[in-house]
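All chains should be built: construct the whole structure from the sequences, respecting the hints.
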Amino acid sequence: MTAELVLQIVLTVAAGLIGVGLFGALSQQSIVMVMMGLELVLNGVLLAGGAAWYFIAPELPDAQMLVVVALVVMAVEMAMGFAVTVAIYRARQVDMVDMATDLRG
Amino acid sequence: MNDPMGGMTGAGEEALALLPELLLLLGAGGGLLLGLWTPQHRQWRVRAVVIVACLASAAAAAVVFSDPPTRVFEETWVIDGTTGIVRIVVALSAAVAVFLASSSLAGHPRETEAYVLMLLGALGTIALAASGDLLLLVAAYLLASIPLYALAGFAKDASGTEATLKYYLMGAFVGVLMMVGVTSLVLATGTTGYPELATLLPEAPAALLAVGVIGVLAGVGFKAGAVPVHFWVPDVTAGTTPAMAAYITTIPKIGAVAAAFRLLAEPFGGVPLDVPLLVAVIAALSMTLGNLAAFNQTDVSRLLAYSTVSQVGYLFMVVAVAGRTDLALPALAIYLAGYAITNLGAFAAVAAFPEARSISDWAAAAGRNRWVVVSLVVCLLGLVGTPPTAVFVGKLAVFTATWDGGLAWLVVLAAVNTVASLFYYLRWIAPAAATRDVPAGGGTDGGASTVTVGRAVRTAPVVTLHVAAIASVLLGAGSGLWLAVVVPG
Amino acid sequence: MLTDLSGWTIAAVVVLGVLSVAGGIAVFVVDSMARATFALLASFLAVAGVLLAFDLVYLAVVTALMMTIEMAIMAVFMIMFMMNPAGLMPMTMVHNARGSALTGAVAFVVLVVGIWTVDWPIGRTERPEDSTRQLGEAIMGSHMLVMLMIGIGLFATILAGTVLATARGRYDRFGADLAAKRPDDPIPGGLPR
Amino acid sequence: MSGSLGTTALGALVLLPAVLGVLLLGTGRRADRVAGPAAVLATVGALALAALVAGDRPRLSAPFLGIIPGGELGAAVDGLSAVLVVLVASVALLTTVFAVVDLPPEAARARFFGYFLLFIAAMLATVTATTFPALLLAWEVMGATSYALIGYRWQDPGKLNDGTRAFLTTRAGDLGLYVAAGAALAGTGGLVLEDLATADGGWLDLAAAGVLVAALGKSAQMPFSAWISGAMSGPSPVSALLHSATMVAAGGYLLLRTQPLLAATGWAATAAAWAGALTALVLGAVAVAQRDLKQLLAASTAAQIGFVVLAAGIGATAGGTGQLVAHAAVKAGLFVAAGSWLTALGTKQLPGLRGAARRYPGIGAAATVAALALAGIPPLSLWATKEGILAEADSAPLRVLGLAAAVISAVYAAKIIAVVLAAPTGDEPLDDEEPGTRRVPVPATATAVVFAIAAAGLGALAVPAVAGALEDVLGVEAQPVDLGGLLLGGVLAVAALVVSVVVVRARPGVVRALERGPLGTWVGLRRLLSPAPAMAVARVAAALDDRAIDGAVRGVARAVTRAAAASARADTGVIDGAVRGTARACRRAGAAARRPQTGLLHQYYVQAVAGVGVLLAFLLIVR
Amino acid sequence: MLLTVVVLLPLAAAALLLAVPALAGRAAIWVWIAASAADLALVAWMWWRYDPGRGATGVVGNLAYEVDLQWIPTVDAGYHIGVDGLSLPLLALTGVLFLACAVWSLREPDRPRTQAALFLFLQTACLGTFAALDLILFFVFFDLTIVGMYFVIAGWGHGNARRSALKFFLYTFLGSLALLVGFIGLFLGSEERTFDMVALAENPPLTDSPLAGGLVLLAIGLGLAVKTPLFPFHTWLPDAHTDAPAAGSAILAGILLKLGTYGFVRIAMPILPDAWQRWAMVVVVVGTISVLWGAFVALAQTDVKRMIAYTSVNHMGYVLLGLGAAGLVGQADEEARTIATVGALYQMVSHGLLTGALFLLSGVLWSRGQTYAFDHWGGLARPAPVFAALLAVAAFGSLGLPGFASFIAEFQIFTGALQAAPVATVLAVTGILVTAGLFLVALQRLLTGPTAVPSLPDGSSPDDQAAAAAPSSSPTQDGATATAVRPRTATGMRDVHGAELAAVVPLLALAVLLGLFPRALLDVIEPAAAAVAQLVAR
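So the protein sequences, as listed, match chains A, B, C, D and E. Just so we're aligned, residue 329 is where the first sequence starts under the working numbering, counting upward by one. Just so we're aligned, residue 896 is where the second sequence starts under the working numbering, counting upward by one. Just so we're aligned, residue 20 is where the third sequence starts under the working numbering, counting upward by one. Just so we're aligned, residue 288 is where the fourth sequence starts under the working numbering, counting upward by one. Just so we're aligned, residue 34 is where the fifth sequence starts under the working numbering, counting upward by one.
Source of the hints: derived by calculation from the structure; they are not laboratory data. Not one of these hints is a red herring.
List of simulated lysine to aspartate or glutamate pairs, DMTMM-like, C-alpha gap at most 25 Å:
no.	chain 1	residue 1	chain 2	residue 2
1	B	K1051	B	D1194
2	D	K446	E	D408
3	B	K1051	B	E1250
4	D	K446	D	D718
5	D	K446	D	D579
6	D	K446	E	D528
7	D	K446	D	E720
8	D	K446	D	D719
9	D	K446	D	D319
10	B	K1051	C	D191
11	B	K1051	C	D204
12	D	K446	D	E721
13	B	K1051	A	D430
14	B	K1051	C	D203
15	B	K1051	A	D426
16	D	K446	D	E393
17	B	K1051	C	D196
Pair by pair, the computed Cβ-Cβ distance ranges are:
no.	chain 1	residue 1	chain 2	residue 2	range
18	C	L84	D	A872	54 to 62 Å
19	D	R871	B	L931	54 to 62 Å
20	C	R187	B	T1354	27 to 35 Å
21	B	A910	D	A878	49 to 57 Å
22	D	L302	E	A67	32 to 40 Å
Note that CB positions come from ideal geometry on N, CA and C, so glycine has one too.
Structure (structure tokens):
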């Protein structure tokens, strides 16, 4: 099997994760579920980053760093997501994005 | 690649090159520590520390301004004219924003934290502008975003938290897109440093490149509030307090535009895609949509929010021609400074009468105060680009640079948009300016019952407004001086 | 150029990949938040497995550990805090499902088309002896500033998260001028007591 | 006499009345009491100065416009202007005297004499101007002051309207002068009047056309004649001044002055000649049909000036000048008489004036003499000058036309004579226009007498020696006196006069009865000889004049108004509408631009994804 | 330095007025008058000391009172001001007209302090525009005039003032941005990359690229045409005028319109000679259409102020005719083109004085009866003879009667332009006939006939005697913004007096003086006009 083929297979998986994550982010009403969709996209990024390191430039650490940064982004955004959810729940007993629509126009 | 130890040995000197940022960080950390032991109603001490840190940072940046451009920390951090401009403008703007926010924050139990967060956001903004590495850009994106989520919802009322929610979800989403973009570029080249990207990207596959460019630009576009990732701007601006809105719509924008400028000039400079045209289209969409949407706004905050969207359009014009004309950098320098001053001034006008949400309320509240109206007029007409304010000079420079960069059509569109923007600014100016004087003797005051909103005039915003108006005119008149300093030669 | 992955490894990668996608889909198919969380965890673990196959041991372990903790927190968060107390009640809370599915599908198709048409720049494969060491040197060397910035970012996250999520601050506990000897907490605790 | 004195005198000649006029106007009603005497003094002074400059022939130049020759205000007195300045100054003096006694005591005299003097100054400047700026300045100020004078009694409805019509008609002609000035600049490189004839190419034709139009307008020649009828709304002194030696004379004068230009084109001279002759004929006929004395005189003025224009067209400068001078005396006298009667009897309708000459014998005699002169009765002045002109007409049709016109002038003169000399019956309709004073002041009579003497005495121009003297003054070649023509003209005039008087006298009773009666065949014969056919033609012509020519003016005015209204509609509707439409479209777009901001986050997501996707596609497609 | 003082003195006075609240009421107006008078005196001093020179001087050489400081070095824009034969007359006109408006405003009771400050600000903007020798500086002041005038109309106007002011601002701002775009084109097209007008005129940009030159000229022309205003960009004008206060209208028509025509002669012609020559016929045609259209539409108006406003379109059309003819180098010799240019420049001054006076006089109507509609007024010569006399003088001046400055202007335009564009000129000449007609008709309607004066609803008219119910007035025509519904009519009307007289009479006197003794002005104008004509012919 050629390396390119494997890369393409792996990236297809990553694309699948991104697609599913996108669907989730767009379709979910619950804030936490939206966050899960976004995590899923980042999951795809993790996979693609690993593949990039392995197949494209293993001599450079950049792709590995990318994976690290992606992990941090996940963690940080998750933390902020919880904080925001708590804040809005405290303020108006809402945990659904559709219920916060005062601001518009 | 570089010897890993090399970075370590030079770290001391290199850290010194980051003195302005260190000062901000020091201000943030010190301010927080100080705040922990400061009684609730004496948190002005923290404010003072924070402002001093900002001013010191600006001063430190100004001192090293004319040094030759360098790249430190393994070329991940660029110190050049663009960075210098952003350092000074952001630090000073942050100081002004802190001062402006003091009117609504004074005595707040979390006052300290707010200032510290503002400082951290400013630091992230500078990092956006200075980063010479995609991963650093992502990190800076996080740092420039997260404090702002908290600041947007700082009041923790219904609208504030909704603003935070939307801001956060939009930011998280675009951050993810940005990660996809970075991944795409890494897949194409294996590297994240701008210099390497600049050499490798031109041979990279176009599809990967396109996804990468779009993803990265989406990230900086979000921070700047550009179409099509601008949706947070009006909602957050309207939902949060005016002072915070001033901060959120001013400071990150500066860094984001500078980052986009650097991206276009360096890594995306030689790619086989027409990225400048893409940016031009984004600019055109932003200014047009921003202006059109502001047309019938009656809420002053939303009006200003859309106006900032359109301003991003003008700013992105110069991004589109980054690296293609010598006039681009001066244009960026003057427009960023002018925009920061003027936008802060306009929001200060809103913050002066926080209860007055609509245009008519504002006019009623401010009607007596001639000078406030005059300063507002200066600021709003400044946003239009009426001479001799700073934004006028900026617009002139931007138009010139854009035309010189071969995008004359965008100049025409921008000119038409400027006229359109005048319409909604006038919708605010006219009622405010038309309010009648109190007769000289002050005898007949028939309007006692009509003016109930915004009776309390906040001092800090009014001062900020006046300072901004004066500075806007002074910077316009003295733009030569400013440009001579920031763009020598 | 042929890959240096063994056939078994490739098979494992494919299986894990399918698993991760299946887990991802399951997140939005199962009818409780708790299950969704675990489906997500499964997806992450599968990806960690793939990373392992790519010789990225450290990253794989970090991913697995971090995500396990994170998903655990998430599950707890949901069950404890949110309006669906048991977290086990059936629920569908979606909007614009068809449009979202379409968007996801289109994104997937576009990406796949790209992936299978792009001429991948494979060739410079001088694999380092130890990927973990490579990463460590990058963190402490060439990408130190990135980590510094992330560090500040985490500091900001802590601060921002606290500001947003907690209602009570030091002035609630120790009084407006921080004069109270003991903190006034609704549920007393902490070391001094 | 030193040259500088002459130059000063020339300047003073124009400035004296002008400055005094402006002073009077500026002072307003406070100056009412001194206005009359001051005006008389000024005109006396002007007459003295005129005499001075007529002898001295000075040139004067004042800086005005720059850069090109002829841009300055130039004035000079040559033969033609020498005659004219003296004429104008004399007539001005006499009409001023008449005006002093004729105006009602409570009138706004300062205003009247202010404009009067300004008008005189303008006329004096017109006849001495040597450059286009000077000419146009004087020319148009004359038009404007005539507007003010005709509309002097603005309180009465319609009077100002008549002034407006006069000003507009003459100004329509004046446009030609602007064009001529441009053509002069283009063709000669300067604005000097004398150089006009040297213009090259099409500019020559354009200049000639412009001058011709301007002159015809000012002189109330066809087709511009209509305004002179309305001009009769002005006070009688105004009519006496405007329609004798000034205003209408100015057009004739201009053509005489620019005769070389007209001749150089080859067509303009002929056109002028025919225009003059036709006017003389048609307006003469119109005059015959008038019942109002001043209207009759007005039409006759246009007709008589027609002879001047004819003279200019055929190059009979001396004859034309003579006609101008003689007509001035005649017509001024008649207008003074008409004005005096109007003041005294309160009417200017011929039935009301029946026997007017007998009521006031002094002025009646003067008027009769003037009328006889108008009729071209030998040896009075107009007989001599008219025949002098016709003698030089080479083309037979022109000559016949001229003769016919001369005969018609005898007819309308006869109409006046027949009426005013008739014995008053006592039941004339008096005071139908204003309350009469029943008194003709002595100065008015004196004025009329002076005019009558001049009108009679200028018949001396038929004497070759006198005519030769005039030709010397004008500096033109002497023309042999055409005795046959003089004789023929005299006889025709006398015949026409006599016949007319008889017919007119007979008309009220017998003629009308015979016309109605069944035994009318011989009457038909009589009719052949009677002025009736002329009257009929005149009536048709009058109707034409009123309906067709003036109607055309009014029609044009109406069309212009309609066009103006239409264009105003287009302006607010289309152009401004486009502006407003843009504004509306912008508002709508503004509303549309806000629609994406739904407040629903998932929709933001979708839109952002869609936007990013479109941009991605854009980036990939547009390379 | 002196010129800088002249330009900034009013601004300083404005700042003083705003800063000292004690200066209320008439004191503010007196400060305004003093500042304007001092400024005018300084301009007079400048004029006195100014040597116009002989032959063709000015525009690129022999500039007096020149100051050249750097402002924005990266784009070589500077504070470059100076005076030559083009600008000096307009500076003087600005001084005179603003002083007249100051005097006029002695009767203004509505927020006099702010108004005075605003007008002084406006004066600085106008003076600055005329003095500027740098495109950006020009634009700065040009735009500020729009801002100032907007507030004048919106703040002190009547009727539909807010809307008219908005329309004015948007329309003219659009024009000014087109202008800016054009300026940028000049900058980028120039060899030395500068915004300096003198340098650009010395070495004209874009001479080798007709298309770019034409497009830049189009942009500049569009901007100036809106301001001037020329057909078909004039529709903001009547609305703005109708709803503006009298002093505002006087400044708007007297000075602000000149900014447009001045821009043509100062910028478009010397800097884009090639393009100007190429498109001169278009300019001539636009000018001629403006002449005729303005005249005919004015004739149909039922509102005094709208009528006067449209005559401005007509008069500015003459200016364009002259300037366009000056560009028809092939068709006419230099003498004729110079004369046309002189006429156009003279027309700017003359129109400023006469139209300023006309608008101030129309303000009398508003102050007495709150309406400009013709059919509400009549027979005013009886109760107000001085008003009638002044109106008549102004009208005759405006219709181009010799003896007034307008004649000098129009005569030279016609004579100069005829050689270059005979057909257009002959057509345009008819404009003076139509103008004459409309002014005479207007005089007739206002001054003669039965006296009719609409009395103020609150009976504040001083001579309100016969307050009989009026017959229902004819419905307001479309487009006419005569607002007041006539409740009653009076037969008395207070004549012009005091401040009104002191404001209007000098304007008319100047118009007459300049009509009779044009040398004083021509000596200054002619060298500069000759210079422009030569520069265009390059």
